[in-house]
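Q: If you read the sequences in order, they're chains F and G. Quick note, the first sequence lines up with residues 1 to 162 if you use the working numbering. Quick note, the second sequence lines up with residues 1 to 102 if you use the working numbering.
Hints were generated in silico from the structure; no laboratory data involved. Bear in mind the structure is a predicted one, so any value in this text is a computation, not a measurement. Careful: at least some of the hints might be erroneous.
As the list claims (entries may be wrong) - On the chain G side, residues computed to face chain F include the following (Cβ under 8 angstroms):
(1) Ala-30
(2) Arg-51
(3) Gln-61
(4) Phe-66
(5) Val-67
(6) Ala-72
(7) Gly-84
(8) Asn-88
(9) Asn-98
Claimed, not checked - Selected chain G positions facing chain F (in silico; Cβ < 7 angstroms):
(10) Leu-8
(11) Gly-16
(12) Arg-26
(13) Ile-29
(14) Ile-31
(15) Asn-40
(16) Ala-64
(17) Ala-73
In this text, a Cβ means the ideal position worked out from N, Cα and C, and glycines have one as well.
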Amino acid sequence: MTEVFFFALAVFTVAAALLVVLARNIVHSAVALIFSFCGVAGIYVLLDAEFLAAVQVLIYVGGITILLLFAIMLTTRIASRAEVFNEQVWMSGLVTVGITAILVYASLAGIRVSGEAPAPSETTSALGRLLLTTHVLPFEVASVLLLAAMVGAIILARREGE
Amino acid sequence: MTPLSYYLTLGALLFGIGMFGVLTRRNAIAILMAVELMLNAVNINFIALSRYLPNSTLDGQVFAIFVITVAAAEAAVGLAIVLGLYRNFKTVNVDEINLMKW
């Protein structure tokens, strides 16, 4: 039963991701990106990571895509008929297919996990405990990074002389 | 239960699609979107391995949280840079911004 859900979500996610990369209209790309992120959130639920799924929906779907859409509206001429890909598209496609084939082969053949890990219970509270005990230093560094990114983004996006 | 290799394969496919986008798209915002796809692929691998490996703690999920944090910071700063580029060059196509190219 889980496998049916997995394959449905995987096909959905990969199709949306392909649309992100291949769509001519960049607004279509951004909307397809929302669907791809939702599919990945479903994959997280299948992996018993409910908190990560909620974070994925809140930050990626609710935050980053909206930011991307704002940037698209502020910069790109959406109706332009200009070429979407640069001139190295065939070479890049070849390299990408090669590297992806190696990665897929390694994923299918490389790792053998013996036995079955037990389903975790209460991942959210355990995650909170880990973040504030074992991983408290990276947690604080991440908050400083977010502050620096926020200040930097404001300074970069501000017009000169205001 | 779905085998671990299926999740890793999904991650590999998403990573490949994202890499194609980064290498070929001309619009800087489309490149940022493709980078987000690649980060999502990495997160799928982290969470799948943290779920499936025996004796694993939740460290994979903690790392995925940090990846999401850094991705948010990257998106904010990256889009601010794109806005600055548009103000200076009147375009966001990265192959037309070649001021420092020999």
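Q: The structure should be examined with respect to each hint, and the outcome stated for every one.
A: Here's how the hints hold up against the structure:
1. Ala-30: 6 angstroms, holds
2. Arg-51: 5 angstroms, holds
3. Gln-61: 6 angstroms, holds
4. Phe-66: 6 angstroms, holds
5. Val-67: Given a least distance of 10 angstroms, the restraint on Val-67(G) is violated.
6. Ala-72: Interface hint status for Ala-72(G): holds (6 angstroms vs cutoff 8 angstroms).
7. Gly-84: OK, holds: Gly-84(G) within 8 angstroms of chain F, min 5 angstroms.
8. Asn-88: 10 angstroms, violated
9. Asn-98: This interface hint is violated because 12 angstroms lies over the 8 angstroms limit.
10. Leu-8: 4 angstroms, holds
11. Gly-16: Holds. Min distance 3 angstroms.
12. Arg-26: Holds. Min distance 5 angstroms.
13. Ile-29: 5 angstroms, holds
14. Ile-31: 10 angstroms, violated
15. Asn-40: Constraint on Asn-40(G) satisfied, holds at 5 angstroms.
16. Ala-64: Nearest chain F Cβ about 6 angstroms off; hint holds.
17. Ala-73: 4 angstroms, holds
The earlier numbered hints that this structure contradicts are 5, 8, 9, 14.
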